[in-house]
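Listed in order, the protein sequences are those of chains A and B.
In terms of my numbering, the first sequence opens at residue 38 and continues consecutively.
In terms of my numbering, the second sequence opens at residue 647 and continues consecutively.
It should be emphasised that the hints constitute simulated quantities derived from the structure, not laboratory data.
Possibly wrong hints are sitting among the right ones.
List of simulated lysine-lysine pairs, DSBU-like, C-alpha gap at most 30 angstroms [as the list claims (entries may be wrong)]:
| # | chain 1 | residue 1 | chain 2 | residue 2 |
| --- | --- | --- | --- | --- |
| 1 | A | Lys-481 | B | Lys-666 |
| 2 | B | Lys-730 | A | Lys-429 |
| 3 | B | Lys-705 | A | Lys-425 |
Please read all numbers here as calculations on a predicted model, not as lab measurements.
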Amino acid sequence: MRPDNSQHFFAQFPSKALKNEWMAEKLAGMVKLPKRSFPNPIFIRSERDVCAGYAVIYDGTITEGELLFICRRRAWKELINRSADLVVVYVDCRERKVYVVTGQMGGFPCFYSLADDCVTISTSFSRINACLSARHLLLENVVEVLLWHSGSYPCDQTIVEEVKQLPPATLLTIDSGWKTQTQPLISWEETVEPVVPFSSALGFVDELVATATGVVAGYLKAAKNLKIGSQLSSGFDSSLVCYLVNRFIDGKAVYFTEHSPLLVQDTNTEIVAKFCQRHGIMTQLVEISDLYQFSSAKNGLKVESRGDYVTDYGFERHWGLNTRMSNDYGIDAVFSGEGGDELMGSHLSEWKKFPIQMGYFLEVNTYMNYGVDKVLAPKAIRIFNNRKRWAKKRVYPSFISPSALAIGQQYFPLYWETGVWHMMPLADPRMVKVAARMPKELWKGTRKQNVWSLRPDIFIPEQFVPKGYAQSWWERFLRERKDLLVGILKKSVLGEMGLIRSGELVRLLEAERFEEISLLAVVQLAIQLEIFLQKYKFTMVEE
Amino acid sequence: MISRFKRKVLIMDKSYSIIKRGVLFHPELDELNDFRTVVYNWKTSITLGVNKFGYQILKIIDTSPGLMFEEVVSQISRVRGEAKWQVEGKVRYFLNKMVNESVVIEA
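Hey, can you work out the whole structure from these sequences and the hints?
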């Protein structure tokens with residue numbers, strides 16, 4: 038019997054408790070930490086303080102006592118320097134302050150609110166949102182969500198003004214006067230320190246594999262005694278991770294390969310079979326043709342928001358695979374090759390020195406080139422193009438790329454609620470630090486192929502082909518869920534706000550001119566947001 | 647073929663503006679980077695480093711879009727406390743480069 042994983046970490050302190058009383062026993066009772074098979078909750082209470090949260094440490098261990106000692110010394114840096122996914126709330130009743138700290142790897146998102154005379158902290162946006170008596174919708178942030186902005190730069194806000202998000206490696210302090218302060222715990226100077234490239238390509242690649250070996254060993258240690266899964270496609274990243282997992286726990290892990298005739302450009306099962314044969318791996322083929330976006334709503338024309346505008350209905354493929362891993366195989370933690378693409382850009386110093394400028398260039402130019410104005414309406418384009426939006430962003434230095442961090446920050450509910458913890462060893466800061474020392478001779482052309490061609494003992498020749506874009510897979514939701522989408526878009530809140538071209542989208546869908554609909558990822562998120570916005574009442578806040 | 651001299655004369659009549667998708671100023675990061683920055687050629691998707699002198703020129707043009715060459719030279723000479731003749735050639739070289747890289751528009 039699998040435990041109920043639907044509950045999230047949730048702490049709510051009413052003003053009375055934080056303004057006058059500050060009684061540890063009472064405050065401790067206001068922290069809800071659901072029990073799980075993994076990760077285990079941390080909960081320590083004394084007369085003077087409360088320490089609660091979750092921590093998965095991949096580079097060793099931290100006992101509860103050590104964690105409390107770190108909190109009492111305010112030695113947050115010791116915590117966030119670790120290769121770890123964590124979120125910790127520490128309440129010091131003598132000092133009358135609440136501290137919240139997030140780990141540098143971003144595996145736990147953390148949302149907080151000071152609305153309705155309460156301090157509310159949770160790993161779930163929807164849990165906090167559900168408690169609000171009033172919501173103000175931030176148009177700028179709505180546009181950012183439509184554009185998957187968190188992949189370009191970490192977010193410290195949500196679309197709802199009352200709910201803030203604490204980025205990775207950041208400390209939030211709330212005092213008895215309810216004054217809040219957020220402080221990035223990694224300095225910009227640390228991230229831009231010059232590195233010495235390896236003198237030989239072979240030396241670099243060997244060190245990268247040796248580091249990956251140590252990192253995967255640490256992750257397996259953190260998930261000791263748990264049932265492990267590992268995702269395997271025909272690409273390099275998941276192959277490397279599976280190869281290493283298999284070296285350590287030969288025959289004890291379950292490997293999964295998602296496949297569909299519509300997805301051969303992404304995962305070629307013949308290549309996977311050859312790779313498995315080479316390394317003695319048995320993989321389970323999971324047919325995912327019917328797990329397209331909004332497919333779980335296929336029995337009707339109405340969908341009910343589950344409260345999370347990022348993961349609701351848009352990630353049926355991940356929900357479906359994780360649920361199967363959990364229910365059919367009892368998997369507690371799964372490895373993936375996520376972070377492998379970003380690893381190959383770790384040597385690019387401009388991303389560390391100019392993270393906001395680079396995020397801006399990437400976001401604005403990519404979307405302009407792909408015709409974002411065919412999906413977004415002029416008002417949203419104006420917000421999208423407004424450089425002031427970027428100029429006011431706070432600097433959140435990180436060793437890890439925003440797009441790798443976004444996976445935990447955005448998709449957390451689907452890992453948490455299916456009970457399958459997601460592990461991304463290739464996004465580990467130890468890997469990033471080695472990859473940053475890539476010698477120049479590997480920079481030109483397809484870097485990943487240059488790098489991995491030096492390890493023919495791991496990869497097979499058939500893997501050295503570029504991956505294609507599986508258009509027929511990605512647009513399936515337009516064809517199969519046309520009526521649902523038209524129904525949602527005809528009541529479009531985003532259209533009414535002047536943010537999306539809902540009328541044009543309806544016309545194209547009704548005429549079945551699917552190939553003329555561009556930027557499917559933006560259309561997908563627009564529909565997800567619609568489902569959310571059509572459920573709750575909002576007051577709009579203009580730019 | 648326009649001679650270098652003619653080009654030098656022609657540029658005097660030109661005005662300059664930033665192509666917004668290629669330049670972003672960020673007060674905190676600009677200071678951390680000692681006013682060196684990066685710009686982006688949207689046609690080639692190539693990022694280029696810009697030194698403090700270039701940063702100052704871009705900032706001047708960004709503040710007053712459509713500024714004439716002479717005015718750019720005047721303002722940069724004031725900002726840097728250098729004579730116009732000392733900066734004119736460098737401004738011309740930088741603006742040419744930025745126009746060729748589709749970061750600045752010349753009209």
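Structure-based check of all given hints:
For the hint linking Lys-481 (chain A) to Lys-666 (chain B), the alpha-carbon distance of about 29 angstroms falls within 30 angstroms, and the restraint holds. With a CA separation close to 34 angstroms, the supplied pair Lys-730 (chain B) and Lys-429 (chain A) exceeds the 30 angstroms bound. Straight-line distance between C-alpha atoms of Lys-705 (chain B) and Lys-425 (chain A) comes to about 14 angstroms, which keeps the hinted pair within the 30 angstroms bound.
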